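Just so you know, we're using the numbering used here here: the sequence shown kicks off at 1 and counts up by one.
Simulated from the structure, these hints should not be mistaken for laboratory data. From a predicted model like this one, the values you see are computed outputs, not experimental measurements. Where a beta carbon is used, it is the ideal one built from N, C-alpha and C, also for glycine. Keep in mind that a hint or two might mislead.
Claimed, not checked - Pair ranges (Cβ atoms, derived):
hint : residue 1 : residue 2 : range
1    : G139      : L171      : 22 to 30 Å
2    : L171      : S104      : 53 to 61 Å
3    : E46       : G112      : 14 to 22 Å
4    : D101      : C14       : 48 to 56 Å
5    : L171      : E49       : 25 to 33 Å
6    : A108      : T64       : 40 to 48 Å
7    : A25       : F124      : 27 to 35 Å
8    : D65       : A25       : 29 to 37 Å
9    : G19       : G74       : 14 to 22 Å
10   : A87       : G112      : 34 to 42 Å
11   : L76       : L171      : 44 to 52 Å
12   : G138      : K32       : 30 to 38 Å
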Amino acid sequence: MTMIESMVAIVVLCFGMLGVVGLQAAALQSNKEARYQAAAVRLARELGELMRGNKDIAIEPAATDNPYLVEFTGTLPAAGTDCFVGACTTTKEVAAFQIRDWLSRVDAELPGARVSVCIDDAPFDAGGLPQWTCSDAGGTAVVKIGWTQLTTDRAAVGSSGEGSGGMARALRPGIALA
């Protein structure tokens, strides 16, 4: 084997190793996104159970009467009565405490979490993809959760600077569960 053949073999081997490293990085990223997806589904199901447990408040269609109907983009609602320390005397106080506690866990588990809990009869667009807008019609509460995701799509990142470093804020909910 000549020196040139050896160098070519080393270059080919290096490209192969770079491919393996890239594949491993993509697998790790996919695993991370799957963990976020699983956490979002678990949290949405948990909120559904909280709402079923406090049905009298959860069926109220107006957000002023129903603390479960929230829009969250990183700022937790004001702290009310802490039901662990003091006595919550109304079901509305219990609901307000539960949603604040739940939102704090969503914020801790999902990067750049965004949540919309609303009454919506059309949580999906014509293409079958979840959408943030709510119709405020129908009788079904829908939990929509999104989070910041790594992207290589420059169009998704945008020129506004939001999502710099390849991170894009959720343009669509990652999940929408009724």
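Hints and how they fare:
1. A hinted range of 22 to 30 Å for the beta carbons of G139 and L171 is consistent with their spacing of about 28 Å.
2. Range check, L171 to S104: Cβ separation about 24 Å, and the 53 to 61 Å hint is violated.
3. Remark: the range hint 14 to 22 Å for E46 to G112 is upheld by a beta-carbon distance near 20 Å.
4. Judged by the Cβ atoms, the range 48 to 56 Å given for D101 and C14 holds: they are separated by roughly 52 Å.
5. L171 and E49 have their C-beta atoms about 29 Å apart, which keeps the hinted 25 to 33 Å range intact.
6. As the Cβ distance of A108 to T64 is approximately 27 Å, the hint placing it in 40 to 48 Å is violated.
7. In this structure, A25 and F124 meet the distance hint of 27 to 35 Å, their C-beta atoms being roughly 32 Å apart.
8. Checked against the hint of 29 to 37 Å, the pair D65 and A25 fails, with Cβ atoms roughly 49 Å apart.
9. G19 and G74 have their C-beta atoms about 38 Å apart, which leaves the hinted 14 to 22 Å range violated.
10. A beta carbon spacing of about 35 Å between A87 and G112 agrees with the range 34 to 42 Å that was offered as a hint.
11. Distance hint for L76 and L171: a CB-CB separation of about 23 Å, inconsistent with the stated range 44 to 52 Å.
12. Evaluation of the 30 to 38 Å hint for G138 and K32 yields a pass: the beta carbon distance comes to about 34 Å.
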